[in-house]
Amino acid sequence: MEWSIQEIARSAGTTSRTLRHYDAIGLLRPSRVGRGGVRHYDERALVRLQRILLLRGLGLGLPAISDALDGQRDAAAALRTHLALLERERERLGRQIESVRTTLAKMEGGEPLMPQEAFDGFDHTRYEDEVAERWGRDAYERGDRWWRSLPEDDRTGFRQRQAGIAGDFARAHLAGLAPDCDEVLAITRRHYEWVTAGWQGRRPTAEQFTGLGQMYADDPRFTAAYARYGEGTAAFVRDAMGAYAEREL
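Everything in the sequence shown is counted per my numbering, starting at 13 for the first residue and increasing by one.
Certain hints may be false.
[As the list claims (entries may be wrong)] Just the calculated beta-carbon pair ranges, DEER-fashion:
1. Gly223 - Ser28: 18 to 28 angstroms
2. Gly213 - Ser43: 37 to 47 angstroms
3. Arg22 - Arg44: 15 to 25 angstroms
4. Asp165 - Asp54: 45 to 55 angstroms
5. Arg22 - Gln226: 43 to 53 angstroms
6. Ser28 - Asp166: 40 to 50 angstroms
Honestly, the hints are just simulated from the structure, not real lab data.
For clarity, every value in this text was computed on a predicted model and none was experimentally measured.
Think of the CB as a built atom: it goes at the ideal place given N, C-alpha and C, for glycine as much as any other residue.
Please model the complete structure; the sequences and the hints are all you need to start from.
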């Protein structure tokens, strides 16, 4: 079966102009061009457009999408990966929805609201002994004082920055980008600045930054945390941090 460019644009929620642009840059070719120059698209083109729209929804630019599609010849495997990522995102949104529902129900019912019901939490004190053993008691106490001194909005912003960076790493990994490409290095630079903020302005050396990345891949807790964004993300972040340390530090 084939569909005209107008039918595809309407079904996909995009425009004919966008599809013509994708054709012009070689991102999505029509299966044939009919009389009067009307473009037509077959099922194979539909699958490619779906992958393009999924990657656009993940925030990737058109050059990165082109590289990703060219590097992933198995469309079914790529879509399974997309599906897994979307299901994890649905699960995350589901938890947020339930949290807001609980908050509203308790507010309207005049019941007390517990912090653990409204927030995921950030109980850094459970790592006190480990941090003290690995980096020294002074390192833990300095970090503890810094964290407790932050207003709640700043704490939330700090966590959100990390979540955004982790999500961008996962999307780059999903797209098949190399850990040392310019786009990934830009994400890693943001991560380096985030770590620097967490270290109260002390900038990690190349060895420290590389070691931190290795810990992400070796420690099951970090691996599991990054796996929420996509399998293999922790190892990808480690490789990106190593590439950044080698090039920039």
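Hint numbers contradicted by this structure: 1 and 2
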